[in-house]
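Protein chains in written order, with the numbering used here: chain G, 1 to 366; chain C, 367 to 659; chain L, 660 to 896.
It cannot be assumed that every hint is accurate.
Footprint (simulated), chain L over chain C, 3 or more residues, beta carbon under 8 Å [as the list claims (entries may be wrong)]:
1) 534 to 543
2) 548 to 561
Using 20 Å as the maximum straight-line C-alpha spacing, the simulated SDA-like pairs for lysine to any residue come out as follows [said to hold, decoys possible]:
3) C:646 - G:320
4) C:450 - G:325
5) L:886 - L:846
6) L:786 - L:830
7) C:646 - G:105
8) C:450 - G:323
9) G:131 - C:637
10) L:786 - L:799
11) L:839 - L:871
12) C:646 - G:106
13) G:131 - G:197
14) C:450 - G:317
15) G:131 - C:631
Across the chosen pairs, the derived CB separations fall in these ranges [what the hints assert, rightly or not]:
16) L:755 - G:105: 33 to 39 Å
17) C:498 - G:80: 37 to 43 Å
18) G:80 - C:623: 25 to 31 Å
19) C:514 - L:723: 52 to 58 Å
20) G:13 - L:733: 48 to 54 Å
21) C:514 - G:80: 50 to 56 Å
22) L:661 - C:521: 45 to 51 Å
23) C:620 - G:152: 32 to 38 Å
24) C:650 - L:766: 37 to 43 Å
No wet-lab data here; the hints were simulated from the structure.
The model shown is predicted, which means the values in this text are computed figures rather than measured ones.
Ideal Cβ placement from N, Cα and C applies to all residues, glycine included.
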Amino acid sequence: MQRIRVAQPRYWLVGVVVLFFLGFPTVISSFLASEWAQALILAIAIMGLNILVGYSGQLSLGHGAFMALGAYVSAILAHHYKMDYLVTIPIAGLTTGLVGFLFGIPALRLSALYLALATFALAVVSPSLIKRPAGLTGGVQGILVVQPDPPATASSVFAALTGTAMTSDQWIYYVTLFCAVVLFWVAWNVVRHRPGRAMRAIRDGEVAAAASGVNVAGFKTLAFALSAFYAGVAGSLYGLSTGFVSPDTFPVSLSIQLLVGVVVGGLASIPGPLVGAISAYFLPIESSQWVPSQAWIPTQIVTTVKNAGPAVSYGVILILIMIFAPNGLVGLARTGYAALNRRLRGAGDRETGHTAAESQTVSEPD
Amino acid sequence: MQEFLQLVVSGIATGGIFASLALALVLIYNAMGLVNFAQGEMAMFATFVAFTLIGRGVSFWIAFPVTLVLAFAGGILVQRVVIKPVERAPVLTLVIITLGLATLVNGLAGFAWGYVPRSFPSPFSPDSIDLAGVFVGYRDLGVIAVSGIVLLAVYVLLQHTTVGLTLRAAAHHPEASRLLGVHVSWMLALGWGLASAVGAASGMMVAPILLLEPNMMQSIIIYAFAAAVLGGIESPLGAVVGGLIVGVTINLAGAYLPFVGGDLQLAVGLAIIVGVLLLKPNGLFGRAAVRRV
Amino acid sequence: MTNLLELEDVRAGYGPTSVLHGISLQVPEAGVVSLLGANGAGKTTTLRAITGGVRWTGDIRFGGRSLRGMSTEEIVRRGIAHVPEGRGICTELTVDENLRLGSYLRRDGPEVKKDYERVFEYFPVLKQRRRLSSSTLSGGEQQMLALARALLMRPRLMLLDEPSLGLAPIVVRSIFEIIKSINESRQVAVLLVEQNARLALNLSSSAYVLEVGRVAVEGDSAELQGKESVRRSYLGY
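Modelling step: build the complete structure from the supplied sequences, incorporating the hints.
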């Protein structure tokens with residue numbers, strides 16, 4: 001009988017990470033804080049997409065469009081209806097979640113590949129669709145978002161700790177961090193309780209899941225709705241963080257970036273989206289700066305990389321990761337961890353005939 | 367009435383372009399069960415190669431077949447280097463890889479030729495000819511002719527040659543083909559080469575109409591998806607018929623439906639995709655899943 | 660007489676599951692050998708190992724040369740035709756296209772023509788349905804197509820996996836007669852996997868009975884048929 005080892009959720013690690021992110025802005029520049037805010041925003045969107053792709057097994061190449069929807073809902077409410085931006089964030093999330101739910105219904109009838117096709121087409125078309133109702137959306141120019149000043153309490157706490165005044169960017173970073181922590185916690189709970197189990201059952205075999213009494217249609221549309229909600233919140237925060245929304249800030253490459261973040265980080269894992277987001281955001285920037293500084297890479301490759309910008313190195317790295325580490329970076333870490341474990345424990349499992357690779361490790365207790 | 371016929375004819379011309387790219391998609395789908403999201407970018411890259419050749423004084427009619435050959439070789443190279451290592455991976459991994467490939471090729475094109483749109487010379491005269499009262503451009507006729515020849519050539523290759531037979535056998539029945547001595551792996555590479563060449567034809571046909579730049583094929587591939595899905599993603603004939611229907615439809619929609627302007631024609635493409643997938647997922651000529659042996 | 664095919668202590672399996680635990684068998688030139696046994700005994704896996712469809716240890720030699728490390732295509736090109744369980748018909752293709760796949764490796768044009776004629780003599784229905792999709796054929800007709808295709812390869816050895824499966828007795832009898840005729844007139848060796856032990860033993864000169872991945876009984880077909888204890892324990896009749 002296979003032994004299923006369940007890794008205890010490493011609460012202490014989570015605590016360290018959260019503390020790190022809390023303290024981070026006190027030691028880095030305001031600009032870097034806004035960059036990290038954007039990475040966190042991506043992490044939220046990727047977490048949502050992960051629920052859809054990694055846990056329920058449905059493939060979407062169009063979640064950039066959902067982000068756009070969330071961003072525009074917030075921007076329109078704030079600009080045309082003068083609502084407090086922070087209030088618009090959950091509204092944007094819920095609206096997008098509802099739309100996601102409505103999308104999830106016809107999506108039930110599409111096979112994985114066709115769903116990818118349809119959502120890809122959606123991502124390509126959405127900038128044009130946004131430009132149309134120019135009165136509402138500001139057309140090509142988009143809508144400006146006023147970035148709020150930090151409230152007095154936060155500002156004074158920050159000043160007490162660091163001796164400098166809190167900037168708008170830093171306040172926005174903390175708002176984003178708060179949303180990210182809350183949403184990750186929600187996702188973790190969804191995934192380790194009944195909805196998560198149901199979704200994984202569906203992903204691993206729809207027919208079998210249905211035969212076991214799982215409400216396949218219900219959970220699949222729930223996954224869609226949830227992932228859209230996350231994307232909507234992320235989009236809304238994105239508008240806040242950059243200070244404006246426009247059709248061109250949500251191109252098809254964003255949707256691809258999200259999916260890539262899911263896969264590179266590691267499907268069906270909770271830490272995956274965070275790792276994936278950081279990679280997806282910083283990798284293109286860093287690699288186009290790092291590669292030229294390496295002496296052992298021939299000059300022709302270096303100039304190619306420098307001139308073609310992030311795209312080439314991004315594409316190459318993506319392909320390499322898919323070939324050599326298809327379980328994503330988290331999966332790679334886990335395999336490394338398992339291999340280390342095996343070596344440390346020696347021949348322990350030999351009498352049962354099973355190797356460590358066969359016993360499953362799930363990241364959350366069932 | 368005249369205008370309607372003119373729209374139909376130029377719709378058939380654009381349809382020929384969509385059909386070629388759609389055929390490339392169908393070829394790879396039949397071989398591997400996946401949609402190559404990089405097909406459009408590969409076609410764009412080949413078109414830039416043609417552009418460079420023409421810029422050096424090579425006539426279009428020589429550059430065209432030379433580019434087809436180069437694209438063929440490129441397709442084989444891509445399959446051997448990028449796809450083969452992950453042949454047995456799940457579809458999601460392969461899809462991501464094609465997306466990575468698309469990004470990579472797009473970036474390489476941007477590096478090599480920049481992002482400034484170029485004009486690509488058409489080999490056909492800009493005049494029109496009067497056919498029974500309808501004015502048809504030579505360029506449209508030219509595109510129809512060239513696409514027609516390319517598609518016909520592929521048809522003859524697949525249906526009436528031994529190579530085509532082994533290609534089809536390897537694509538649909540890899541295990542059984544191995545037992546007949548077919549080098550299935552090389553057949554897959556050939557399939558990629560063929561798809562790449564057909565896609566290149568599509569790129570060279572569309573470049574004179576749009577402007578040549580790295581993002582040129584991104585809307586074309588949506589139409590090609592629509593055509594492939596409409597025709598049935600497993601059916602080469604479906605790709606051709608689908609392409610023609612999509613071409614004519616977006617032309618007519620653009621002219622006669624008031625709210626469909628230039629960039630919203632793409633939304634018509636999306637509507638076709640979604641509509642077909644919801645109403646008749648197998649398309650016009652597709653079948654339900656074929657058991658592969 | 661040298662052996663055309665030799666298996667020596669072959670072990671094979673799928674992933675962690677081991678199916679064959681040391682099979683040794685020989686097929687002489689132009690001989691007919693049966694491979695019998697219950698379901699799951701490893702008969703199909705044995706055939707798969709020969710044509711490289713499953714990883715194996717030990718040695719498999721064909722015409723004196725070891726098949727180790729060769730791909731399926733290479734092995735087949737050496738002169739082995741394998742008709743798998745389920746027949747392996749390319750249902751996307753027409754009957755004629757399936758037949759062409761059988762002969763496409765050959766370079767001897769006139770001989771190919773002759774073989775086509777013989778094939779149509781054996782199986783006239785295939786000639787009638789040449790242009791039709793092979794998916795329109797009945798089970799028996801598909802078996803005929805598979806055999807015809809194998810014939811067109813002009814192999815030195817044919818591996819047949821359950822040719823009688825799902826077919827009416829009349830059809831089975833005629834197919835077995837054709838197999839016999841092919842073996843005698845063309846000197847093609849046959850390794851036959853069959854559930855229908857009686858038919859197989861009638862046709863073959865020697866037989867091996869597999870049980871749970873090992874050779875339980877082997878010997879001359881006539882002798883095995885004669886021994887009632889063997890028949891009862893291993894062959895089910």
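Against the structure, the hints:
1. 534 to 543: Contact hint for the region 534 to 543 of chain C vs chain L: holds, 7 residues under 8 Å.
2. 548 to 561: holds (count 3)
3. C:646 - G:320: Distance ~37 Å between residue 646 of chain C and residue 320 of chain G Cα, so the pair is violated.
4. C:450 - G:325: holds (16 Å)
5. L:886 - L:846: Violated: residue 886 of chain L and residue 846 of chain L sit about 29 Å apart, past 20 Å.
6. L:786 - L:830: With a Cα-Cα distance of about 17 Å, the restraint between residue 786 of chain L and residue 830 of chain L holds, given a limit of 20 Å.
7. C:646 - G:105: The given pair, whose Cα atoms are some 16 Å apart, holds under the 20 Å limit.
8. C:450 - G:323: Distance of about 10 Å is within 20 Å: holds.
9. G:131 - C:637: holds (18 Å)
10. L:786 - L:799: holds (15 Å)
11. L:839 - L:871: Roughly 29 Å separates the two Cα atoms, so the pair is violated.
12. C:646 - G:106: Holds: residue 646 of chain C and residue 106 of chain G sit about 13 Å apart, inside 20 Å.
13. G:131 - G:197: violated (41 Å)
14. C:450 - G:317: OK: residue 450 of chain C and residue 317 of chain G at ~17 Å, within 20 Å.
15. G:131 - C:631: holds (14 Å)
16. L:755 - G:105: 33 to 39 Å: violated (47 Å)
17. C:498 - G:80: 37 to 43 Å: violated (55 Å)
18. G:80 - C:623: 25 to 31 Å: holds (29 Å)
19. C:514 - L:723: 52 to 58 Å: Holds, since residue 514 of chain C and residue 723 of chain L (Cβ atoms, about 55 Å apart) stay within the stated range.
20. G:13 - L:733: 48 to 54 Å: holds (52 Å)
21. C:514 - G:80: 50 to 56 Å: holds (52 Å)
22. L:661 - C:521: 45 to 51 Å: Since the Cβ atoms of residue 661 of chain L and residue 521 of chain C sit about 49 Å apart, the hinted range of 45 to 51 Å holds.
23. C:620 - G:152: 32 to 38 Å: About 56 Å separates the Cβ atoms of residue 620 of chain C and residue 152 of chain G, which means 32 to 38 Å is violated.
24. C:650 - L:766: 37 to 43 Å: Cβ of residue 650 of chain C to Cβ of residue 766 of chain L: about 41 Å, so the range 37 to 43 Å holds.
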